[in-house]
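Engineer: Listed below are the residues making up each chain.
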Amino acid sequence: MSFMKNLVNGTNFDADSLNALQKVTLRAVVMSFLFFGLVAIEGMIMKIVQTGPAVNPLPEMFSHPAHYFSIMTVHPIVGIFGSTYQLVFAAFMFLVPFLTKKPLYSVKLANAVWLLITIGTALAWIAAFVWQYAPLYTLYWPLPADTEQFSAIGGIVFIIGVALIMVGTLGFIYNIYATIFQRVGVHKDKTTKELLISGFGIDGMLNLWHKLTGKPPYSKEPALALPVVAIFRGTVDTFLDAIVILGAGILVLVYLLFDAGGHPLNVAAIDALLYKNYFWWGLDLVADGLVLIYVAGSWYLLATLITGQKLFMENVARAALMLELLVSWMVWSHHLLADQGQPEMMKLISGEMVTAFELLTQGLALFITLVTLWKARPLKMTMELKYLLGGLVGFGLAVPAAIIQADMGMNRVLHNTQWIIMAHVHIALIVGLYMTLYSALYVLWPIVTNNTKMYSSKLSNIHFWMYLIGGIGMGAFGGMAGLDGMLRRHLYVHNEFSTLMTLAAICGSMVLIAWFIFLFNIVMSVGIKGLIGIFLPAKDKTASYGIEPEVIAENHKE
Amino acid sequence: MKFSNSAELLSFHWVAYSIYALLIISVIAWFGYNLTRKEKVKSIIRIPFYGYIGFLVIAGVGHHIFTYNAIPWVSQDITRHNIKPDASYEFSIKNHKWIDMPKHVTVQCGQTIRFNVTSHDLVYGFGLFRQDGSMVMQMQVNPGTDVNGILEPNDILWTFNHNGVFDVLSTEYSGPDAYDKHTGKDLMKVEKWLTVVGCKDNGGKK
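Protein sequence lines, in the order shown, are assigned to chains A and B. Quick note on our numbering: the first sequence kicks off at 1 and runs consecutively. Quick note on our numbering: the second sequence kicks off at 1001 and runs consecutively.
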């Protein structure tokens, strides 16, 4: 087929053959990858500015503080909510019906979710671009309400944008739980109590306890599959996080509206340290709650789909997901180790000791996944297996990098440096999380697209290696700059860290090019016609998909 | 093992984490390679499950025990309210400007200094940096007052064991007004604010 034919028609993709569930999933995936491109470009702009004027080829305006920090403000909003949330929500709204063999509660609501998150992200981006509203994602009180530095209108637009994202998030949560608790199909005879016990992983704990005390298992066939348990559990944190961010948003909005009305309120009425505790408790549920739990669940799902075997130590994995829930609620103080007003006992217990448990829970997930794969060898080195291993490497690097800093001694010399944002956050997200999501994408691709042939496996491989090397390299050089004292929320204009930032920028550009290659491969597979077709109404209104998970495993056997 | 300043600690950390990073990448690469081999592969080492869990627990808890004993500023920080410093400096920040900050401070080797920085408006930071840009230490500077309207303290004790000349930077973002609008120059940076004298070349009192 000629290049132009491929570009227009794709390989064998037929958008008309997709049902409503497949279409809504693909819509969110498309938006997610478009936002990924935006966030990669933003990241590259900041990296290039950080190389310093001796190397930086960008126009001078990018080095202006107001411009630079407005990019830094929207970068995580676009990356985490616009891209990651969309992709994860799309995958889970497809996977829960797929794994429970039940229809999605509401396709309309799923459509509202991706639209709300897309519009919300766009509004937040516009607020930063037009009004240069730049309090950063941390929103440390009273900076977001500081109308001497920022326009109140810009702030209002930004907060409305974030609020829409959170409303979309609540829509996702409702859809997931409504689907899980629907008593149809295999769950026709299950009670809400049984589904709740299974959802929280309590049946896994009881099974372990019964084994230890010599009793028969509490539940031979748990009501919910393990990946659904992870989605159920992680979604608890997603809910709490959405409530906290919405709450903080309402507070900022009230102050901005009064200010715009000519009656400014006293910002000192809100205690800055108390606000930090509240905000970090919620925000940390993203990083240390839902991400780690969703990722563990995704690893378990991918390992079982790829091998076609039961998960190794499934009861332990179920119980660990419950433990992770409790851990994720108690670790926020590791963000406040540099705050001298924070009680020392909270730093010690929440900031250090409970946080160290994440090494245990994530290490356990890594171990269970690796052993499940190992027991099924030999396996074909498919794209999904490659990406899964890449994801394991990412978290293998990123989690210890954070645990090291969650220490009163280390934090004193690493807090707010590039170490945490590059060696931990970027490696965790770009390498750990996204490679896991790419693995899921390759596993689900034939199911969601009705066996559409990928345009080029060579391009898939080039994408994999460029992305892996670029992601790890960028995190590593950024982390080294952090150890050399480079701050994360600071503008450097005197070539202070030029060498390391140039190396990080080269690696960052590999990630950006890899994204272009991936996007090209996808567009050539589905074609522009197909891409448009995804956004047209589905003829088949079915909200579920019937392929058994066991079918996928057959394709991975050597 | 005892670190006498952040430079020693960060060098150790650089080496230790780099070794770990190479190790974990190699292990997963080896694992991936062997997953695809048809002939049965013998594991280099057998890791029993409970041994692995024990290792994680020891690593998680042991890391803090190690740093508590090897990094001098941890115990000093926790018990700082019971320690009498050799000198104390108190100043504040308002509208991105340091207020009542001494023009220059000279510290004798081995002295323990208390810095108490307050904020009248936003969240700032207080950090000391060497001339090569590396960090000596930092803390957050939160605004807020107590019930009597007195600004909340943000205090830190620090013992200086190495000669050096240090800059001050606000280590927390407080909005674009902390920088020159056009040049991007950091307006809160105070160059060569603190000098430590009287130490041996490799640290410690003469």
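Think of the hints as simulated: they come from the structure by calculation, not from any bench. Please note: incorrect hints may appear among the correct ones.
Said to hold, decoys possible - Dumping the calculated PhoX-like pairs for lysine-lysine here, alpha-carbon to alpha-carbon at most 25 Å:
id: 1; chain 1: A; residue 1: 375; chain 2: A; residue 2: 211
id: 2; chain 1: B; residue 1: 1038; chain 2: A; residue 2: 310
id: 3; chain 1: B; residue 1: 1002; chain 2: B; residue 2: 1189
id: 4; chain 1: B; residue 1: 1038; chain 2: A; residue 2: 386
id: 5; chain 1: B; residue 1: 1040; chain 2: A; residue 2: 310
id: 6; chain 1: A; residue 1: 215; chain 2: A; residue 2: 310
id: 7; chain 1: A; residue 1: 453; chain 2: A; residue 2: 380
id: 8; chain 1: B; residue 1: 1040; chain 2: B; residue 2: 1097
id: 9; chain 1: B; residue 1: 1185; chain 2: B; residue 2: 1094
id: 10; chain 1: B; residue 1: 1094; chain 2: B; residue 2: 1181
id: 11; chain 1: B; residue 1: 1094; chain 2: A; residue 2: 375
id: 12; chain 1: B; residue 1: 1097; chain 2: B; residue 2: 1192
id: 13; chain 1: A; residue 1: 375; chain 2: B; residue 2: 1038
id: 14; chain 1: A; residue 1: 380; chain 2: B; residue 2: 1181
id: 15; chain 1: A; residue 1: 458; chain 2: A; residue 2: 5
id: 16; chain 1: B; residue 1: 1206; chain 2: B; residue 2: 1084
id: 17; chain 1: B; residue 1: 1200; chain 2: A; residue 2: 386
id: 18; chain 1: A; residue 1: 380; chain 2: B; residue 2: 1038
Engineer: The structure should be examined with respect to each hint, and the outcome stated for every one.
Structural biologist: Hint check:
| no. | hint | verdict |
| --- | --- | --- |
| 1 | 375(A) <-> 211(A) | 23 Å, holds |
| 2 | 1038(B) <-> 310(A) | 21 Å, holds |
| 3 | 1002(B) <-> 1189(B) | 31 Å, violated |
| 4 | 1038(B) <-> 386(A) | 18 Å, holds |
| 5 | 1040(B) <-> 310(A) | 21 Å, holds |
| 6 | 215(A) <-> 310(A) | 22 Å, holds |
| 7 | 453(A) <-> 380(A) | 18 Å, holds |
| 8 | 1040(B) <-> 1097(B) | 68 Å, violated |
| 9 | 1185(B) <-> 1094(B) | 18 Å, holds |
| 10 | 1094(B) <-> 1181(B) | 18 Å, holds |
| 11 | 1094(B) <-> 375(A) | 62 Å, violated |
| 12 | 1097(B) <-> 1192(B) | 17 Å, holds |
| 13 | 375(A) <-> 1038(B) | 13 Å, holds |
| 14 | 380(A) <-> 1181(B) | 56 Å, violated |
| 15 | 458(A) <-> 5(A) | 19 Å, holds |
| 16 | 1206(B) <-> 1084(B) | 23 Å, holds |
| 17 | 1200(B) <-> 386(A) | 53 Å, violated |
| 18 | 380(A) <-> 1038(B) | 10 Å, holds |
When held up to the earlier numbered hints, the structure conflicts with 3, 8, 11, 14, 17 and fits the remainder.
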